[in-house]
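Those sequence lines, one after another, are chains U and C. Reminder that position 172 of the first sequence reads as 172 in the numbering used here, one-by-one numbering, no gaps. Reminder that position 30 of the second sequence reads as 325 in the numbering used here, one-by-one numbering, no gaps.
Calculated directly from the structure, the hints in this document are not laboratory data. By construction, the Cβ of each residue, glycine as well, lies at the ideal position given by its N, Cα and C atoms. Please note that a few of the clues may not be correct.
Said to hold, decoys possible - Label-pair restraints from in silico Cβ distances:
(1) U:Asp241 / C:Asn316: 50 to 58 Å
(2) U:Glu32 / C:Ala347: 56 to 64 Å
(3) U:Gly176 / C:Gly341: 19 to 27 Å
(4) C:Gly360 / U:Thr77: 28 to 36 Å
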Amino acid sequence: MTALAAEHITMPVLHRLHPHAHRDEQIAHIAEAARQIRIQDLKLVHYAGAGHIGGDLSAIDILATLYGAVLNVTPETVDDPDRDRFILSKGHVAGALYTTLAAFGFLPVEELATFLKPLSKLNGHPNREYVRGIEANTGPLGHGLPIAVGHAISAKLDVSRRRTYVLVGDGELQEGSNWEALMAASHYELDRLTVIVDRNRLQQGATVRETNDLEPLDQKASAFGFAVLEVNGHDRGDLFDVLSSVPFRPGKPTFVIAHTHKGHPISFMSNNAAWHHKVPSAAELEQALDELTTT
Amino acid sequence: MTDTISRPSSVADRPRYDCRNAYVETLAKLAQEDHRIVGVVNDSVGSSKLDAFKKAFPDRLINVGIAEQDMVGVAAGLANGGRIAFVSAASCFLTGRALEQIKADVAYSNRNVKLCGMSPGMAYGELGPTHHSIEDIAWLRAIDNMIIVVPADPIETAAAMRWAAETEGPAFIRVSRMSVPELYPEDYTFIPGRAITLREGDDITLISNGTVLWRAVAAAEQLAEEAISARVISMPTVKPLDTEAVIKAARETAGIVTAEEATVAGALGGAVAEVVVQNHPTKVKILGVPEFAPTGSAGFLLDRYGMSPDGIAEAARALLG
Numbered sequence: 001m002t003a004l005a006a007e008h009i010t011m012p013v014l015h016r017l018h019p020h021a022h023r024d025e026q027i028a029h030i031a032e033a034a035r036q037i038r039i040q041d042l043k044l045v046h047y048a049g050a051g052h053i054g055g056d057l058s059a060i061d062i063l064a065t066l067y068g069a070v071l072n073v074t075p076e077t078v079d080d081p082d083r084d085r086f087i088l089s090k091g092h093v094a095g096a097l098y099t100t101l102a103a104f105g106f107l108p109v110e111e112l113a114t115f116l117k118p119l120s121k122l123n124g125h126p127n128r129e130y131v132r133g134i135e136a137n138t139g140p141l142g143h144g145l146p147i148a149v150g151h152a153i154s155a156k157l158d159v160s161r162r163r164t165y166v167l168v169g170d171g172e173l174q175e176g177s178n179w180e181a182l183m184a185a186s187h188y189e190l191d192r193l194t195v196i197v198d199r200n201r202l203q204q205g206a207t208v209r210e211t212n213d214l215e216p217l218d219q220k221a222s223a224f225g226f227a228v229l230e231v232n233g234h235d236r237g238d239l240f241d242v243l244s245s246v247p248f249r250p251g252k253p254t255f256v257i258a259h260t261h262k263g264h265p266i267s268f269m270s271n272n273a274a275w276h277h278k279v280p281s282a283a284e285l286e287q288a289l290d291e292l293t294t295t
Numbered sequence: 296m297t298d299t300i301s302r303p304s305s306v307a308d309r310p311r312y313d314c315r316n317a318y319v320e321t322l323a324k325l326a327q328e329d330h331r332i333v334g335v336v337n338d339s340v341g342s343s344k345l346d347a348f349k350k351a352f353p354d355r356l357i358n359v360g361i362a363e364q365d366m367v368g369v370a371a372g373l374a375n376g377g378r379i380a381f382v383s384a385a386s387c388f389l390t391g392r393a394l395e396q397i398k399a400d401v402a403y404s405n406r407n408v409k410l411c412g413m414s415p416g417m418a419y420g421e422l423g424p425t426h427h428s429i430e431d432i433a434w435l436r437a438i439d440n441m442i443i444v445v446p447a448d449p450i451e452t453a454a455a456m457r458w459a460a461e462t463e464g465p466a467f468i469r470v471s472r473m474s475v476p477e478l479y480p481e482d483y484t485f486i487p488g489r490a491i492t493l494r495e496g497d498d499i500t501l502i503s504n505g506t507v508l509w510r511a512v513a514a515a516e517q518l519a520e521e522a523i524s525a526r527v528i529s530m531p532t533v534k535p536l537d538t539e540a541v542i543k544a545a546r547e548t549a550g551i552v553t554a555e556e557a558t559v560a561g562a563l564g565g566a567v568a569e570v571v572v573q574n575h576p577t578k579v580k581i582l583g584v585p586e587f588a589p590t591g592s593a594g595f596l597l598d599r600y601g602m603s604p605d606g607i608a609e610a611a612r613a614l615l616g
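Extracted from the complex, chain U is given alone in its bound form:
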């Protein structure tokens, strides 16, 4: 297999639109960013010969919306104490995060060519001291939500309006530490904390339902004291509207169930557990890129 080389790095740096740009422009910008991120991320995984492409593709619209239009953090303000925080709890989709950070200028696009190579800063799970913009070294599941709760408490102590977003996988919610954190979040009335669930309904080798079902997830989150919203996790308009409008209920943290498909929108990957960490062959990569270019 040829390693990822400079010629495979095709993604433009997109930057953000002005915050006051029209909603339609914002959404079109996010959509194009997400398309470019998907193209680049598929190449990353193909040439690295490893990665979690299924979960990457289910999360990319959420990541692109957050970094493209919601979070008040840019490469220039990445050390500002009052920046919004985003914590990727499902750290195994690091490839999607790196690609998104590169798309918005936090990481040189060329550096993506080092993904998973010996001594690369782009490890299989994110490290905040290797890559600017990463807030927590995640990987073991069930860690991001408690960290997010801690940050949201710090913001409250500071009487700051900075927000905290954490993206968790749905299978990940089987870890008990999440539920400890959900209880604390509502107890501390962290209404500037938003938990986004990448609800793709698949875990490593089977459906979440078959493995250890989460339903009724909305009722559980609501019983834990959250304002609960459900969105189509691939509808950038939906995501933009919801994620930029928190808090929804004063005094309550927000729980967004983002319905997604693993592998979206690639026809042969979508909603297929086999693509959790399968690596696309050259032919599969070509077909996937083709689908992303023509649709």
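Start from chain U and add chain C according to the hints.
Quick look at chain C alone, frame taken from chain U:
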């Protein structure tokens, strides 16, 4: 003790103190001086003696309830927001239940979190091995980027906390519950990775820390009466270890006895042995806890495992042959 009169200044006869009191007084002082400092607990307000802190700084004592994994993750998140989190929880639950959070969220993420292991070792005595924390040092020692401090008295507890508050990065500090005499002068400054020679000696070396250190000093006093000159090295920092002090002791004395309120597998004794075998092999006797302890108070159990002053002196004699 029957022979108090023959050794009027013996360390064993000094008044004893619960280090938790020094802990809470210092934490309150530090919090007064630095607004970034917060406490994080797992319902352990009373057992950590933090009621007064809670009264003084109601918003700055974060009680997440009985949820240790969340507690350590929350501390890491508070650090992300610029706070200095002093996590205060029974060492057995803090280090056992939340070990992966300590590894990933604190040590690997290099967060400014101070893990304060309350009532460590066998402090909970009769409550048994579920509540003993003899493993904490061994399993934290296996984690990179973690400074491990085992203070021996209230003065060193306070000094270690002051150091921790002033120094960015992860640290674990044991805070003893079992009362111990003061061993250090009031103006003692804690320096991480530095051993302190409490008694000079050329025949044999005793290396210890925490609640056992005064017992090692008392053992050296006994040995002196038999004309055995025992060097006593206080080793408050188990990681990074003062390797120079260990190598020097290996070179200059006939052997080393380590003694601590922790497992014999991989704690201070293990750390010392690793240095000795790789640099200057000599005889080493590791005193510690070799098993899930039977029912008994901490003091009873330390004696049982050969860590009474008599027991430590006996181990030294045995090593000298």
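Tested hints:
{"no.": "1", "hint": "U:Asp241 / C:Asn316: 50 to 58 Å", "result": "holds (55 Å)"}
{"no.": "2", "hint": "U:Glu32 / C:Ala347: 56 to 64 Å", "result": "holds (58 Å)"}
{"no.": "3", "hint": "U:Gly176 / C:Gly341: 19 to 27 Å", "result": "holds (25 Å)"}
{"no.": "4", "hint": "C:Gly360 / U:Thr77: 28 to 36 Å", "result": "holds (34 Å)"}
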